[in-house]
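Position chain B relative to chain A; hints supplied.
Read top to bottom, the protein sequences are chains A and B. Letter by letter, the first sequence follows residues 1 to 310 in my numbering. Letter by letter, the second sequence follows residues 1 to 371 in my numbering.
Please keep in mind that the hints were generated in silico from the structure rather than gathered at the bench. Honestly, I wouldn't trust all of these hints.
With a Cα cut of at most 30 Å, we get these calculated DSSO-like pairs of lysine-lysine [to be verified]: (1) K100(A) with K208(B); (2) K92(B) with K117(B); (3) K131(A) with K41(B); (4) K208(B) with K151(A); (5) K208(B) with K131(A); (6) K41(B) with K92(A); (7) K124(A) with K208(B); (8) K285(B) with K100(A); (9) K17(A) with K208(B); (10) K285(B) with K131(A); (11) K124(A) with K41(B); (12) K92(A) with K208(B); (13) K70(A) with K208(B); (14) K117(B) with K100(A); (15) K92(A) with K285(B).
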Amino acid sequence: MATAIQCRDLRKTYDGKVEAVRGLNLEIAAGECFGLLGPNGAGKTTTIEILEGLLAPTSGQVTILGQTWKDNARELREVMGISLQETRLSEKLTVLETIKLFSGFYRQPRAAIDVLEQMQLGEKADSWVGKLSGGQRQRLAVATALVGNPKILFLDEPTTGLDPQSRRQLWDIIRCFQQAGGTVLLTTHYMDEAERLCDRLAIVDHGQVIADGTPSDLIERLGGHHMVEFQVSGSSNGDGIEVWRALPGVESVRPDNGLVCLNVREPHLTIPALLDAVDKQGNHLLHLTTRQASLEDVFVRLTGRHLRED
Amino acid sequence: MTVAQQVPPTRVPPTRSGTPPRNGRWSGFNHLLMARLLELKREPEVIFWVFGFPVLLALGLGIAFRNKPADITPVAIVAGPGADDALSLIQKSPRSSSIHATVVAEPEALQGFRLGKYDLVIVPDGTNSFQYRYDPARPESVLSRAEVDDALQSAAGRKDPLPTTAVASSEPGSRYIDFLIPGLLGMNLMNSGMWGIGFALVDMRQRKLLKRFVGTPMRRSDLLLALTSSRLVLMVIEIVLLLGFGVLAFHMRVLGSVFTILLLTTIGAISFGGLGLLTASRAQKIESVSGLMNLVMMPMWIFSGVFFSSERFPAMLQPFIKLLPLTALNDALRATILQGASLGAQSGRLLVLVLWGGISFALALRWFRWT
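Looking at chain A on its own, in the form it has when it is part of the complex (with noise of 0.2 Å):
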């Protein structure tokens, strides 16, 4: 399949001081649906405003559907829809007048009447920007990037701030766009949002990828599916952590805000033994939980932090 975006060895230093973004590379398919995934600060808004031609690199390469920016920025103008992180739309102009707006600078832009009705904006077409909800200004934001028709579509955390509804409509106009063919690459802190969501993803700290690969593939590299999460009375935390290492189908302990989190591969061998060695101690247990592994705990194996920190 065709490349849609390719970026090799980028950086961006502001000022000379702050590494935004140190040595990043991706390669993102037609077609695909590409997730940036990372704690804030960690460099992806500074990376996707680069893809989109809005901030220029220190140093590194960007293609875009085999062109760059330098040569052929109006013509890839054409082809792309952005959505920036925060972006205040004329308040006192009405969401069609805004659509017609963004639509007059493409050369063969789609009816605005038509995007309208696709964001379900239709009841809205004649109400200010101003009067609009949080979930409807985010997608007319969205809309203005699809009436230019545009092959590839830049969300910055397209979701942010929004209710569980208004997330799952944007998601469904998302798909709907990749259904049609085109290429999404949108940044996230949400893991939820980046698993639903994403064909493949970059986890990015500190201006570096520091994995990729689709969901799955990301979960199936911590070495186990499952987590298990305990905490024992009168615990011993040092020696402990020993202890719970040496328990069948374990691949990695680490403690938790109190809890010990376990991810194992075989729960079914690994809790028995579990209740056993606790035993043993002579303690018992205040809590024990077993669930999935989410991205959340590859990006925690990865860092040792978590991707929400508030």
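Frame of chain A; chain B shown alone:
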């Protein structure tokens, strides 16, 4: 590849509103201009500051400084011997109609003089001679001394060796309101150019809207052109309103041609637009650009002869004052509107405006930050 055609059937909107539009070279500009004008129309403050405020200012100042009928000079005569003589002399004089004299006790006379109730105090010394108390710092006090002295002398029998006559003259064109309206027009062009372009751009930058626009195939020059054009549309309305108001309410006479006035104001608006663009070229926040704007405009509010003639400043400052764009615009507008001067006679002022506009535009385009 058309996304809409490949969308799965369930998601295709049931009706398609005709064929998608194909946009030409000026589509972006036209859409931007229309959007800008719509936004301005929906902003009640803009309507007030651009249109209402200058007219109200002209009305207020025009009334406050209107040419009043010849003033009656209020004069106090200190009661005592000779006071009645003074009063009867004044009443006998040919000037009696313009002098209102009253006999009052000394403390009351001095108190009234201090408060501005009387312009002059006459102190009779009882031996048929009078002393005047006046304040040399108050023009009306100086005038009334001369007038009262004249009245007393001629009533007492003075014969003027040289016969003179005087004719009152307050022609339209020489009144304060005539001076004021072109100045207000110039000031308004400056304010709306600076705010309308500079402020609007920083606002769009702060809202990340500039960045969003740059992410589309929009031509950047189209945005600047559309902003400037929207000001020109407002400008024409401003001129018609302010000059029309002057003509209708104050019987002002516009001597210059409409074409010359339009050309001057257009050059002025573009020149201040360039200055606004330069001021806004890097500022990220509304607060910081507001300070900068005031810094740029303040000297012109003071020196450029909006409310009073710039000739009042010391000769040493005049070369600098003449180089300010608002001075050039105000002087040019006054010469054209009040004296009917031709464009050719104003080449120096036009050059000042064009240079300010041209240099600011060039620098602004170099420094302008879109993101």
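Cross-check of the supplied hints:
1. The hinted pair formed by K100(A) and K208(B) meets the criterion: a straight-line CA distance of about 19 Å does not exceed 30 Å.
2. Restraint check for K92(B) and K117(B): the C-alpha separation of about 23 Å stays at or below 30 Å, so the hint holds.
3. Distance hint between K131(A) and K41(B) is fulfilled; the C-alpha atoms sit about 18 Å from each other, no more than 30 Å.
4. Of the pairs offered as hints, the one joining K208(B) and K151(A) holds, with about 23 Å between alpha carbons and a cut-off of 30 Å not exceeded.
5. Proposed proximity of K208(B) and K131(A) is supported: the alpha carbons are some 19 Å apart, at most 30 Å.
6. For a cut-off of 30 Å, the pair hint linking K41(B) to K92(A) stands: about 9 Å separates their Cα positions.
7. A hinted pair counts as satisfied when its Cα atoms are at most 30 Å apart, and K124(A) with K208(B) qualifies at roughly 23 Å.
8. Proposed proximity of K285(B) and K100(A) is supported: the alpha carbons are some 28 Å apart, at most 30 Å.
9. Restraint check for K17(A) and K208(B): satisfied, since their Cα atoms lie roughly 24 Å apart, inside the 30 Å limit.
10. About 24 Å separates the Cα atoms of K285(B) and K131(A), which keeps this hinted pair within 30 Å; it holds.
11. For the given pair, K124(A) sits about 21 Å from K41(B) by alpha-carbon distance, which is consistent with the 30 Å threshold.
12. Of the pairs offered as hints, the one joining K92(A) and K208(B) holds, with about 16 Å between alpha carbons and a cut-off of 30 Å not exceeded.
13. A distance of roughly 23 Å separates the Cα atoms of K70(A) and K208(B); the hinted pair therefore holds under the 30 Å criterion.
14. Under the criterion of a C-alpha separation no larger than 30 Å, the hint pairing K117(B) with K100(A) is inconsistent with the structure, at around 67 Å.
15. With a C-alpha separation of about 21 Å, the suggested pairing of K92(A) with K285(B) holds against the 30 Å cut-off.
The earlier numbered hint that this structure contradicts is number 14, and it is the only one.
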